[in-house]
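Chemist: Listed below, chain by chain, are the residues.
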Amino acid sequence: MKDLIQFQAEPLTKEDIKEFSSSTLSNHSLFPLTFPTRYRNGEFELLIELKIDMRNLLHTEQEYVYHEPFKLGDVPLVTTRLKEHKERRRMQFVTAETEVICGGRKKITAVSSFVIREKTTKESV
Amino acid sequence: MVWLEKQKLSPVVKPAITEELLKKYAKASGDPNPIHLDSDFAKQAGFPSVIAHGMLSMAFLADCLCANFPESEYRVAQFNTRFKKITFPGDVLTATGEIKQVQSDGSVSVSLWTENQKGEVTAQGEALVKLLTK
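Taken in order, these protein sequences are the chains called A and B. So that you can map any letter, position 55 of the first sequence is 55 in this note's numbering, and since no number is skipped, the others follow by simple counting. So that you can map any letter, position 14 of the second sequence is 14 in this note's numbering, and since no number is skipped, the others follow by simple counting.
Because the hints were derived from the structure by calculation, they are not lab data. Treat the hints loosely; a few may be bogus.
[Stated by the list, open to error] If we take Cβ atoms under 8 Å as the criterion, some of the chain A residues that face chain B in the derived model are: (1) Met1; (2) Thr34; (3) Thr37; (4) Phe44; (5) Asn56; (6) Glu61; (7) Gln62; (8) Cys102.
[Said to hold, decoys possible] Pair ranges (Cβ atoms, derived): (9) Phe41(B) x Arg90(A): 19 to 29 Å; (10) Glu118(A) x Ser104(B): 28 to 38 Å; (11) Arg89(A) x Phe41(B): 22 to 32 Å; (12) Glu45(A) x Val2(B): 43 to 53 Å; (13) Lys18(A) x Ala16(B): 18 to 28 Å; (14) Glu19(B) x Asp16(A): 20 to 30 Å; (15) Gly30(B) x Asp3(A): 15 to 25 Å; (16) Glu71(B) x Gly104(A): 21 to 31 Å; (17) Gly104(A) x Pro48(B): 40 to 50 Å; (18) Pro48(B) x Gln8(A): 23 to 33 Å; (19) Gly104(A) x Val13(B): 38 to 48 Å; (20) Gly46(B) x Thr13(A): 32 to 42 Å.
Where a beta carbon is used, it is the ideal one built from N, C-alpha and C, also for glycine.
Turn these sequences into a full structure, and let the hints guide you.
Modeler: The following block contains the structure:
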């Protein structure tokens, strides 16, 4: 089973930021602090690998460490690792860590935590 | 601006969450979970309707941070949020917070939370905001 997903995202454009800001009803930030949520594809792939039923999935916590600001034109290399997967009282707990590197420089580290309310597996999500 | 411990941030009140906004956010954020978009799917999950993305609440908290700490003077170094209560279409969220600690270099630790129209805390977080050196 895969526990690491890596992909190269499209270069960062002004339009991406504008679309994201509009969808969060924001007109403040040059680079929205939660914009890196766009780089969570790897997390969803890992959850599919774990055969998690999306109906039972709750995103419980999100953490960002901002190492360096993003710039327009940055081409993010996104690496997501399964940090923890445990089961307790018929619930599963999943934590994934994502690093985004652009041009060899680390931009953010993101940690996402999920609870799967009841242990269920299915063939496809 | 000089911040003091326990000082309240200026709150940011957002318009009511709509299903249309959730669709827009799902597209912009790349979140594929149908629980935010498909009411039948959400009902199968035990909810009365689609539910808002937790990350949308975090984005509202980010907006509150940016409103209180201008990017020309401050840089957010760390930011975390715990999603405590489900938000549904029709809910009105206010993002607010208070200063937790002011450090000697001007950096500020901030407690943040979103409240719905019933005064319930739906998300709670913290941020470390650094004062930019001129």
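Chemist: Take a look at whether the Cβ-Cβ distance between glycine 46(B) and threonine 13(A) falls inside 32 to 42 Å.
Modeler: holds, 39 Å
Chemist: Holds or violated: 23 to 33 Å for the Cβ distance of proline 48(B) and glutamine 8(A)?
Modeler: violated, 40 Å
Chemist: Could one say that the CB atoms of glutamate 19(B) and aspartate 16(A) fall in the range 20 to 30 Å?
Modeler: Given about 23 Å between the Cβ atoms, the range holds.
Chemist: Check the following: the C-beta atoms of arginine 89(A) and phenylalanine 41(B) are separated by a distance inside 22 to 32 Å.
Modeler: holds, 25 Å
Chemist: Just to be careful: measuring from the Cβ of threonine 37(A) to every Cβ in chain B, is the smallest value less than 8 Å?
Modeler: Holds, about 5 Å.
Chemist: Lying within 15 to 25 Å: is that true of the beta-carbon distance glycine 30(B) to aspartate 3(A)?
Modeler: holds, 21 Å
Chemist: Does the Cβ pair phenylalanine 41(B), arginine 90(A) satisfy 19 to 29 Å?
Modeler: Given about 22 Å between the Cβ atoms, the range holds.
Chemist: Check the following: the C-beta atoms of glycine 104(A) and valine 13(B) are separated by a distance inside 38 to 48 Å.
Modeler: Given a distance of about 42 Å, which is inside 38 to 48 Å, the answer is holds.
Chemist: Does the nearest C-beta of chain B fall within a distance shorter than 8 Å of the C-beta of asparagine 56(A)?
Modeler: Holds, about 7 Å.
Chemist: Does cysteine 102(A) pass the interface check with chain B, least Cβ-Cβ distance below 8 Å?
Modeler: violated, 17 Å
Chemist: Please test the hint of 21 to 31 Å on the beta carbon pair from glutamate 71(B) and glycine 104(A).
Modeler: holds, 25 Å
Chemist: Tell me if glutamate 61(A) is really an interface residue toward chain B, meaning its C-beta lies closer than 8 Å to one of theirs.
Modeler: The hint holds - glutamate 61(A) has a Cβ within 8 Å of chain B, the shortest such distance being about 5 Å.
Violated hints, listed in ascending order, are 1, 8, 10, 18; each of the other numbered hints is respected by the structure.
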